[in-house]
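In order, the protein sequence lines correspond to chains F and A. For the first sequence, the working numbering gives the first residue as 1, with consecutive numbering after it. For the second sequence, the working numbering gives the first residue as 234, with consecutive numbering after it.
Hints in this document: simulated from the structure, not taken from any laboratory. Note that the coordinates shown come from a computational prediction; the quantities given were computed from them, not determined experimentally. Cβ coordinates follow ideal geometry from the N, Cα and C atoms, glycine included. Some clues are possibly wrong.
[As the list claims (entries may be wrong)] Derived contacts from chain A toward chain F, CB cut-off under 7 Å, selection only:
#1 341
#2 357
#3 358
#4 360
[As the list claims (entries may be wrong)] Computed list of chain A residues with no C-beta within reach of chain F, every gap over 10 Å:
#5 328
#6 339
#7 390
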Amino acid sequence: MRVLGVLLRKELQATFTSPIGFTIIAVFLLVMGYTFSLTLIATRVANLNYIFHQIYVLSILLVPAATMRAFAEERATDTLELLLTSPIQETSIVVAKFLATFTLILGMIVGSAVYAVILGVYGDPDWGPIYSGYLALVLLAAFLVSIGIFMSSLTENQVVAAALTLGIALMLWYADSVSGMLPSPFDSLALNLSLIGHFHPLAIGSVFLSDIGYFVTLTLLALFLTIRRLKAR
Amino acid sequence: MTIATSAGGAIASPAGAQDADGALTISARGVSKRYQSFAALHPLDLDIRRGEVFCLMGPNGSGKSTFIRILAGYLAPSSGTVSICGYDIVTDGLSARRLIGYVPERVPLYNFMRVEEFLRFAARLRGVEERNVSREVTRVVELLALGEVVRKPIRTLSRGFRQRVALAQALVHDPEILVLDEPTNGLDPRQIMETRSLIRTLAGRHTVLMTSHILSEVEKTAHRVGLLLNGKLLGVRGISEIDDLEAWFLSVT
Chain F
1 MRVLGVLLRK ELQATFTSPI GFTIIAVFLL VMGYTFSLTL IATRVANLNY IFHQIYVLSI
61 LLVPAATMRA FAEERATDTL ELLLTSPIQE TSIVVAKFLA TFTLILGMIV GSAVYAVILG
121 VYGDPDWGPI YSGYLALVLL AAFLVSIGIF MSSLTENQVV AAALTLGIAL MLWYADSVSG
181 MLPSPFDSLA LNLSLIGHFH PLAIGSVFLS DIGYFVTLTL LALFLTIRRL KAR
Chain A
234 MTIATSAGGA IASPAGAQDA DGALTISARG VSKRYQSFAA LHPLDLDIRR GEVFCLMGPN
294 GSGKSTFIRI LAGYLAPSSG TVSICGYDIV TDGLSARRLI GYVPERVPLY NFMRVEEFLR
354 FAARLRGVEE RNVSREVTRV VELLALGEVV RKPIRTLSRG FRQRVALAQA LVHDPEILVL
414 DEPTNGLDPR QIMETRSLIR TLAGRHTVLM TSHILSEVEK TAHRVGLLLN GKLLGVRGIS
474 EIDDLEAWFL SVT
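Chain F with its partners taken away, still in its complex shape (with noise of 0.2 Å):
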C-alpha cells in the first residue's frame, strides 16, 4: 500500500502539473456551462438527462487526452524502465495511473453537480434519475480511463494512444446500430457490447445490474490487459 501511495503521489503530481490536465478541465466547464444555460433555457425542465448525454460524448472525446500520456510518455522517456526495474509489482504502476486519471475525470463529474444543485434549489427535479445519471457518469469514466490507459500501454506516441482510445470507444457507442447489419450470433453480441445501450438506461433513471456489470468486467479486463501487457517484457 505504500508504494501504490508513493506512485499515486507521483501520478497526481504529473497529471495536475500538466497543462494537459487543466486545459481538459478548463474546456469541460465551459462547455457543459454553455450546454447547461442553453438546455434550461430552451425547455425549463428540471432533470439532467440531456446533460448527461453531453457529458457522454465530451467524456468520450476528452478521456483519451487525459490517458495518452500515461504510459507512452514514460516509454518515450525511459522512465517505464526506471519503475519495472524498481521492487514494485506492475499492478501497483496501473492501479496508481488509473487513480490518478481517474480523480481527474471524477473531479470534472463532481464540478457537474452544481448544476443538479441549481435545479434542486430553483426547481423540484426527480432525484433517483439524477442519482443514477451519475453512477453512470463515473462508471463511463472508469471504463474509458481503463481503455485509454490500456491503449497508452501499447504505444510511445501519444497520438497513436488518443487515437486508438477514442477508436474503441466510438465502436462501442455505434455496435447497436450495426448489430442489425451482422448475422446471428454477432448480432447480439454487437448489441450487448453498445456503450449507449448501457448507459441510457442508467442515465435516465433505469438501474440494472447488467448495466453496472457491463462497465465493470471492462474496467477490469482493460486494467488487466494493461497489467499483462507490462508483464510481457
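Could you slot chain A onto chain F? The hints should help.
Coordinates of chain A only, in the frame set by chain F:
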C-alpha cells in the same frame, strides 16, 4: 544469512545464494534474447564477483544493453537464468530488483520534479524505510555533489547533473549491485573523469556492472572485462591480464 543495506532494509538470502567462497553476486547461465527470428543475445554464461567492477565492452548493437536490461529485470530472457545474490531475476524478481541500482543509457528522470523530491520518490520506491529516507537522500546528495541543485527542477539541469541525479537514484537504497549502461555517454571530459572516479570509489562496497564501447574508459575503470560482439560473449579477461586492450579487442573481433 541476510543481505542488509544501510537504507534500513534487510532481506533473507536464499540457500545457494553464493558460490563456495561466498563471492558471487551475479550469475548468468545460458542467457539469451530473441526477437522473433533475430537473436539479440546468444546463450551466454557469466559470473560477476562481489565488489568488482565488471565492464561489458563491444561496439554499438553488440547486445550489451540487452544483457544489462535482462540483469536489471527490465527484459525477460528468452532462455537461461540470471541469479542476483541467489534470487532468480524472473521468478523472484522483487527480491532480486531490491538489490540492484540501475542507470539506463538514456537517463530517465521526471522533469516535473525537483531533485530532492525525485530522490525521495526513488528511495520510497526502492523500499527505504520512511524514517531513513532523509538520511539516505542526504547521503547520495553529498556523494554525488548535488548540493547546489538539490532544490532545482530537474528540467533545468545540465547533462552532467542529470547523469549525477540518475546515479544518485540508483544508489539511494544502497544496493548490493550497481548496473550502469554507458555511464559516461554524452558527458564532457571533466564529467567523464568525475564519473570514472566515482565508479572506482564505489567498487568494493558495491559490485558494479557497466557497459562501454570506449577502450580507455574500460582500462581505467574495470577489474575485468567481457567482450560482446553480435550478441556473443567472445571472452572474459582480468584487466591486469591484458597488456594491450586495443590489441586484444582487435584480435578477438
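_Whether residue 390/A stays farther than 10 Å from all C-beta atoms of chain F, as the label says_ = Non-interface label stands for residue 390/A: nearest chain F Cβ at 14 Å, farther than 10 Å.
_Supplied contact hint for residue 357/A, tested at 7 Å Cβ to chain F_ = 4 Å, holds
_Beyond 10 Å from each Cβ of chain F, as asserted for residue 328/A_ = It is violated; residue 328/A is separated from chain F by about 7 Å at its closest Cβ, not greater than 10 Å.
*Holds or violated: is the Cβ of residue 358/A closer than 7 Å to a Cβ in chain F?*
5 Å, holds
*asked:* Restraint: residue 341/A near chain F, CB-CB cut 7 Å. Satisfied or not?
replied: 4 Å, holds
*Verdict on residue 339/A as a residue remote from chain F, using beta-carbon distances over 10 Å*: 5 Å, violated
*Return the status of the interface hint for residue 360/A: holds when the least beta-carbon distance to chain F is below 7 Å, violated otherwise.*
6 Å, holds
Hints 5 and 6 from the list above are not met by this structure, while the remaining hints are.
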